[in-house]
Amino acid sequence: MKEHYTLPQDRPIGPSLIIELSCRIMIPFIQLFALYVIAHGHYSPGGGFQGGVLLGAAYILMAIAFDQKTSMRFFPLRVNTALAGTGVLIYTGTGIACALLGGLFLDYSALEPLFPLGPVEWRSMGIFIVEVGVGLAVMSIMVSLFWDLASGGRLDRGL
Amino acid sequence: MSFLNLHMYALAAPLVGAMLLFAAGRFGRRLVMPVVLAALSLSLAASVLVFLEVLTAGPFSYTVGNWEAPWGIELVVDHLGALVNLLIASVALTACVSSLRRSSAELPERRHQFFTLYLILIAGMHGLALTGDAFNLYVLLEITSITTYGLIALGKGRAPLSSFNYIVMGSIGACFYLLGIGYLYILTGTLNMADLHRIIPLLDGRGAALATAFAFLMVGLWIKMAFFPLHVWLPNAYTDMPDGAAVLIAPLMTKVTVFLMIRVMFSIFSPVYEFIQHMAVQHIIVGVASVGIVCASAMALGQKDLRRMLTYIIIAEVGYMVGGLWLANAKGMTGAILHIVNDALMTLCLFLAAAAIAHRTGALGFERLGGLYRRMPLTMAAFTVGALSMIGVPPTCGFFSKWYLLLGGIEAGQWLYVGALIFSSLVNAVLFFRIIEIAYFRTPAEDSPVHEPGKGPRREAPQALLQPLVVTAAALIGVGLATGPLVERVIRFALPVGY
Amino acid sequence: MDAMLQEIVAKYNYWIYVVLMMIGFYAMIGKSNLVKKLIGMNIFQTAIILMFISAGVKKGGGIPILDKQAVLERGVEAASIVNPLPHVLMLTAIVVSVSVTGVALAILQRIHGLYGSLEEDEILEKIDR
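Protein chains in written order, with the numbering used here: chain A, 1 to 159; chain B, 160 to 658; chain C, 659 to 787.
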């Protein structure tokens, strides 16, 4: 943890034990809830965008409570850009895979030859796959937007 | 691999290329040129095949995800859509060669990010040409606009401020479009264009709401295409853009928005609604278009910078197209649709020439253009072909679309419009001959970088900027000579039934 | 007069959206601070989103989340659930709004870095000098 964590005396606003401890407990639960929201988009309010925003909120909370440097070390910038691109590529890739396998674009029932599930079940699974892609992309974009604006474009120290 | 999904590959190839460039980050710097060229070539090949298929087999529709229309999102590929799709793909590929070279001179550190935005813009425009669903149109319109905002802000000088002004006005336009779609949804309960076309004539007693919806849709699109007097954002935004982006955005964005207006007018509403039930509106719009042409041409006369002058000419050309469409006869509409193709090619040629000149001389003020004919003969020859096309000299393509528009105006009795067209052609002649005179006859200034003693008289633009320019200039003449088959086999089917 | 008042009271939600839209529009055009223009744009877009969603509301309608077994047995009664299509469309519109706000804020940062101020008249003064 030490190499990811900025020491309290190096931070711009100073330490606060209560905030740090409570955020340390909350952040994993926020991320878990976000994954739940993405996965349960079929059956309850939720889906890719909503879950992605929650995942991003976890890292933004870390940036506000601790330090932007801590947040950027837990989620490096290169990984951020790679995940954003990968998210959209998952979506488009699923569509193109459906087209290449003989169906129409984003016609998930054409993915049948890959794994025997049944065309109706594949439609449900296909929606889930693209929601995962959307969630990854939205998480990365939300976090990088916050970092960019909070640090004045320099991406070193935050608020 | 069937031919069923071809047009989707035209849309998906630039999008996948953009995301590959983005995800690769800094390591993607060496990948920029191969990825961009591969994606756009694939896109052009798919567009050509789709166009040929529409010519032989007729229009077809396609539902994404195999959900039937009107519940699913439908894509409609008809003659007009396939033509605009092909235009976007060819202009994009021609412009990207020049953009690759210019962007390595202007923004060397951020080339991969620049081309991410560039490819997403092209993917959005392909989607706009193919879509058959009104809300999908809004999403794609905003995709193209947001990437344009980003690309403009990458320029120098006051580019961020111009981009911000464009954001405010462009968002107003998009929100008006969304309001119009909202009204139509509340009235009819569907968002599919073909379904709306079927249901709207059946709505009696909802005239006021329908007229409001139409007004919102039109004004929103007019803001986006810089139709006078909603054009204020365009000169600053298009002048301050980086050159690499200007050669793509200036030829295409306004013309694609004119195409969207055609879609709203003919595929959602019908000519009966616009031209017969509300005839007074038609005269007003043609009048405003004529005033716009005259004012934009007059403002172009007062400019001292080549790029700014070209942006005012773009505003005048938008006036031609909107006026031609609202003339309500076959010749006017044929002229307007033909002008979409021709104006895109002419603007591409002129902006490529301006980029080549800026690459060599660094600035585009008129006083710096002296003696360019000796220095860059091929560039100036291509510029002259573009200028002749703008003025309307046969056999370049500009003459034929102006001819159709003039005939349409005379037939409809809109003398103000005919007068504005003739005035604008004369003003274009003055503008371009002024530049040709400066470039040919004036000797270069002592401190101009063109005048370099001991380096020999010819210092042409680099090949990457020159080849697309020469190809486009040749295409201007080629498309002009091919106007007959183009009108007979493509545009005639793009007009609404009964014209 | 009475009929008009009745008209306003019956459709009070649309009048609220119109007032919100005009507030946002005024902010976009009338204010000189660039951030206030951006907030005005956000208010305008939010008002349009609210109008769309209120177009799908039904009297006595419930949330459009249904139990799978109940639907498989009895089918869906469209009159008892709120129309979910505008909700989905407006989700997309919210994403578009967030994207435009993000791009605009990044550009505003650039402008602040270049000119040191975010007031339109001060910036234009600096450019003209």
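Treat each hint with caution, since some may be false.
In silico DSS-like cross-links for lysine-lysine, where the CA-CA straight-line distance does not exceed 25 Å [unchecked claim]: (1) Lys-315/B to Lys-717/C; (2) Lys-784/C to Lys-716/C; (3) Lys-463/B to Lys-315/B; (4) Lys-726/C to Lys-716/C; (5) Lys-669/C to Lys-717/C; (6) Lys-463/B to Lys-689/C.
Treat the hints as calculated values from the structure; they're not laboratory data.
Verification of the hints:
| no. | hint | verdict |
| --- | --- | --- |
| 1 | Lys-315/B to Lys-717/C | 55 Å, violated |
| 2 | Lys-784/C to Lys-716/C | 54 Å, violated |
| 3 | Lys-463/B to Lys-315/B | 19 Å, holds |
| 4 | Lys-726/C to Lys-716/C | 22 Å, holds |
| 5 | Lys-669/C to Lys-717/C | 14 Å, holds |
| 6 | Lys-463/B to Lys-689/C | 32 Å, violated |
Hints 1, 2 and 6 from the list above are not met by this structure, while the remaining hints are.
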